[in-house]
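Make the full structure from the sequences, and use the hints.
4 protein chains.
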Amino acid sequence: MRTSVYRFFTTDPADVSGLVRAIAEGMINPQSIVAIIGKTEGNGGINDFTRTLAMMALSQVLATHLDCRPELVEERVVLSFSGGSEGVAAPHILVFAVSGRAAEQAYPIKRLALASAHTRPFSAQEVGRMAMVRETARALTWLMHTLQVEPADVHLVQIKGAMPALDSATTENVRAEHLRCDMAWSRGASALGVALALGEVTESELSDDAINRDWSLYSSRASVSAKPLLRRSEMVLFANSCWWDGDLVIAHGVMQDIIDVPAIHAVLNQLGLQPVNGQLATADAEKVLAVFAKSDADPRGHIRHRRHTMWTDADISDMRYSRCVVSALLAGVTGETGIYVSTRAEHQGPQGGGPVAVIGYAS
Amino acid sequence: MRTSVYRFFTTDPADVSGLVRAIAEGMINPQSIVAIIGKTEGNGGINDFTRTLAMMALSQVLATHLDCRPELVEERVVLSFSGGSEGVAAPHILVFAVSGRAAEQAYPIKRLALASAHTRPFSAQEVGRMAMVRETARALTWLMHTLQVEPADVHLVQIKGAMPALDSATTENVRAEHLRCDMAWSRGASALGVALALGEVTESELSDDAINRDWSLYSSRASVSAKPLLRRSEMVLFANSCWWDGDLVIAHGVMQDIIDVPAIHAVLNQLGLQPVNGQLATADAEKVLAVFAKSDADPRGHIRHRRHTMWTDADISDMRYSRCVVSALLAGVTGETGIYVSTRAEHQGPQGGGPVAVIGYAS
Amino acid sequence: MRTSVYRFFTTDPADVSGLVRAIAEGMINPQSIVAIIGKTEGNGGINDFTRTLAMMALSQVLATHLDCRPELVEERVVLSFSGGSEGVAAPHILVFAVSGRAAEQAYPIKRLALASAHTRPFSAQEVGRMAMVRETARALTWLMHTLQVEPADVHLVQIKGAMPALDSATTENVRAEHLRCDMAWSRGASALGVALALGEVTESELSDDAINRDWSLYSSRASVSAKPLLRRSEMVLFANSCWWDGDLVIAHGVMQDIIDVPAIHAVLNQLGLQPVNGQLATADAEKVLAVFAKSDADPRGHIRHRRHTMWTDADISDMRYSRCVVSALLAGVTGETGIYVSTRAEHQGPQGGGPVAVIGYAS
Amino acid sequence: MRTSVYRFFTTDPADVSGLVRAIAEGMINPQSIVAIIGKTEGNGGINDFTRTLAMMALSQVLATHLDCRPELVEERVVLSFSGGSEGVAAPHILVFAVSGRAAEQAYPIKRLALASAHTRPFSAQEVGRMAMVRETARALTWLMHTLQVEPADVHLVQIKGAMPALDSATTENVRAEHLRCDMAWSRGASALGVALALGEVTESELSDDAINRDWSLYSSRASVSAKPLLRRSEMVLFANSCWWDGDLVIAHGVMQDIIDVPAIHAVLNQLGLQPVNGQLATADAEKVLAVFAKSDADPRGHIRHRRHTMWTDADISDMRYSRCVVSALLAGVTGETGIYVSTRAEHQGPQGGGPVAVIGYAS
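Residue numbers (the UniProt record's numbering), protein chains in the order written: chain X, 1 to 363; chain D, 1 to 363; chain P, 1 to 363; chain Y, 1 to 363.
Hints in this document: simulated from the structure, not taken from any laboratory. From the three backbone atoms N, C-alpha and C, an ideal C-beta is built for every residue, glycine too. Worth double-checking, as some hints may not be accurate.
[Stated by the list, open to error] Only some residues are given here: those of chain X computed to face chain Y with a beta carbon under 7 Å:
| # | residue |
| --- | --- |
| 1 | A24 |
| 2 | N43 |
| 3 | D313 |
| 4 | D315 |
[Said to hold, decoys possible] Where chain P lies over chain X, by a calculated footprint (3+ residues, C-beta under 8 Å):
| # | region |
| --- | --- |
| 5 | 44 to 50 |
| 6 | 53 to 62 |
| 7 | 294 to 300 |
This is how it looks when you write it as structure tokens:
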């Protein structure tokens, strides 16, 4: 088995020309596509319809090749888009394909492995609670088992967190203030599920009360968004595996705060890449194929004891600012603006910081 | 003579408590203050009144100590504020004071020297034309002469460009489309004036036509904003001089594009500072006292052949984005968020890039 | 012949459920659809992809019924979306269908008639010049002839103005400053084309110089947007005709400035509707089926000698403000928030004002 | 006693030239000024410093005339500024002065009377609770008694609600989630205090639980903002009194939803003004001297069963939209853009609506 990653820079959210051409030229076998993850130029907010547009356009392309109706494409391929290409970030899509057959014996070097799974459907009452933490952990553990990887081999778990519709029975029986069926809770519980499965926290440390409250508990590898009306959480696991072949590897690290540049260097170093005067030389920049990060403007209002104004600006959301900052730093260090930063990082890295993962060509 | 720089982080644009206390405690002699430069948390646009507020608050404080009416303070002290602390930038003010007497002989090591000057008043027809270029160059040349510094010693020329009111005679006699009395033209001509005085361009390369058109001509040390209704341009020259004493030095460089991190490293290196894993260690970060830069989102729409969306976002101005990006990079490298980035950099560095200057303690 | 108009309020830009259901239930014959005009909840700017999304979603629906590929739907049905539902405006789509056969003799009462046409393709050099004015007028004249209506019967001409791509030959031969191939010029020349065809201006008053300069020249019935890369302008003519049957009529008027409420009353009066205490009673509000207007924040910065701040707000575009204001006034008077306001009204009503058209049930 | 109202349109938030001139010319006696209420062109959010700027500029002017330090001006004159002149609203200040001596017997006609008061200081625990409701009601009752007016004579109670700083004792003893010391709670409890004093609600209907929850309880005359760090609430009472003389009267009404134009007509009718075709004729518009309203985008997401998008726009705050809408409607009806609309109307009118008050010349 091997993972291939194709990166296409887009001219707008509906631009699928790169993928269409790659399929037409035989470079990509549409049957092999497992996931498409992309960054669109929306505002990342509730009224960001660039994600819908990108997914609709891609679904139409894939439907033809997978011989299914467009609305069924998502049952076969994970489509995950994050809006917001603030600052230098270049809108792009990453197509992840898996090909080849299972290895009969382990390779000497670990290479990028990839698989996706769903949790079971959640009820509205479970979201943001231990039930969601545990089920997320269970699904991830199963996925690791399937891929034959250890927690230490896992470098990124990209999750679209469930947020089921409220039915009238629920809203009658549960006082609204006790429900946690919103995006922040879905993200927080999902991230702790990853932390639990990867051994970053122990179950004894966890409780309903700890979720979105005890920020000392976090995963260094979870990257979670939440999607209204989604019943089951979707996850894609990225790991290095000795059972996988190919020329790609992944590494990760954690920015301790929003200007933690050394953490970015450390991730690149794991890939054998060494910035010179703070930035990868061109030849090395070309070895970087995908950069993922989560961002957050520190809610305590300070960065290294200095005030920041990302939360007090009534005109521009802190979300847009934090994505802009983190993608600038990642682009500054890698010399490449094809950066994927998504925001709101509850239990994904420490408060005010966040995880970073980079996929590159093995040196 | 020696320059002292005091940095005060503010809680809001009207916060003058740091300066008030420093004067009360005798740390700063108000008579010695030559300039106050600051970053406020406004939007940096035409309706950014945080600058007015900061200047009004400071004028009230200084008026008491200088024994003049608040509205006359600006005749004695340059007050220059830039709105926009997007992302990580911490709003702050920098108080520049000069004390001591002229040296009788040169010191062995050059230290930060500082002086301010005005051009003569401009007519509306002169703005954005060679008349403005030449007069700006003349005023700067005179200032260098006064300070006994060579062009190579100059590291930053902070200018507030004139933009006189249009009188009715002007608007009757000159067709509106031939007038250049706006902010962009004032900045462009002022910057070329600096470039001319510093020998970065020759007079034969310059013409009315070249201004805001031939972007190969630029200064690496000009930092210009323009101010409506200002009749004379104000400038503050920052240089290293062997006739000045003290513990501060200044260095500069040019970012060739908006993610040119190596250029930032090069400036720090001149100050004897070496980032480790991309960032100054804490002890070194504390040696950095002031960071100035100009920013621009490349108007050609690309950064290193990748598309950026800073100009096509109808909700957020490219100005806010570019300041956010450059201050993130400067904070990332220096480990310090007290960064001053101002935007629109016509002839200030190459198109899409911009100058950077850093004041630090001499090692 | 008769025109039917169906209004569907949408839950998001991709919501086509209303139309799908109406077709499934036999209420709308998809073959009879001539145009779909809608308001989406984007920002109305260059990065507003809600229009693309709405059109992609509708094209998929219509493609099935018209038995053509989705990308060919626009050759048969005019799809025209305007982004920006600021304030009270409710996002909605209006489906215009034409059915029945040509009348053999005139009806006693005029009813809503409707037809669409294209201009010939324009070159980039023609945009914003008399060539575009004349060709727009020619196409509209032909359309009036086809529909057998007089200029006085025409109440709205909705145009998507051409803005062809620049080829390299053009940009080499024509100095960029002489080209008018942008949105403002396309709108201005198209609107004057309407004014010319409707006899609102005479050809002798018109010239290349008058376009987007002499604001005393305008149409009271043009509603123009411009679309990058469109080679031919598209137009939909709305008129009352004695050759058409049905229960719908249209009326129009001109707001002389952005708070000209009496002009709105006058339009409603033409439809036999009389606001009570400034607003239509519920039963009368239900007789209003579609409300169209163009808006502009007066570029002179004043409304009835009072300053407004729509142009000096660096955070929010004047376009968003003016749509918000005009839709609030129209909703206030009609008691109905299903309002279509689009902005930038060069030669569409007087400067700072704009045309209004209302389709209602005949009393 | 008589109330005089002077309206000055400003060129920017620091523009005090109108007041300065009026004082210099003897038109306004500075000793007679009771309150200055104004609208500035900020964003109305937490980082809107235009209010601070306006108050600083006015305090400097008044300090000279009242012979006190600028920071003490607010102890003698209520300065109340609301940021946000979205859409057509013209930034302006209203200077309220009281002159003359107490009448010995009642006049035959009631005229505008005005007085200000403070509550006692509140603790952080009291904010948003019945203690605040009762003390606000007590202060208002006392003020009515002082002015010799009945609840039915009261047409506007402008309040700046207290929001004291949290001391460490408080935050230690009270679990954060039980504290209500924020702007929404301060506004809600203050408004219910007005409702209680005016007999619009009974004390038995009120409880801690009802505050900011039972929206059927509201005042039709409260207009409340909240100010961080304010220890006592400030209030200005506007009434018609038979003990007051002059040529001004006030009337009020309640918009039941955000497009309730008939409610605006009803208020004008009370002043003897009758819009023609939906708008006051010029001569009548000039009789309107001040227009106050509170606005809110209906949090239920609908206006008359149609969806609105004011809450789902991640780029522009619902607060800016609702002010833009309500000021457009008020300007549309009165023909005057000098409108004061402030947003967030908890218990000030019904949910999604809000109170309106107009001061005009007696006919």
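Tested hints:
A cut of 7 Å between beta carbons decides the hint on A24(X): the least distance to chain Y is about 37 Å, and the hint is violated. For N43(X), the shortest C-beta to C-beta distance to chain Y is roughly 5 Å, which falls under 7 Å, so the interface hint holds. This hint holds: D313(X) has a C-beta 6 Å from the nearest C-beta of chain Y, less than the 7 Å allowed. Restraint check, D315(X) versus chain Y: the minimum CB separation of about 6 Å is within 7 Å; hint holds.
With a threshold of 8 Å between beta carbons, the proposed coverage of the region 44 to 50 of chain X by chain P holds, since 3 of its residues qualify and at least three are required. Here the region 53 to 62 of chain X counts 4 residues with a CB under 8 Å from a CB of chain P, which clears the bar of 3, and the coverage holds. As drawn, the region 294 to 300 of chain X meets chain P at 0 residues by the rule of a beta-carbon pair under 8 Å; below three, the given contact is violated.
Violated hints, in rising order: 1, 7; the structure is consistent with all others.
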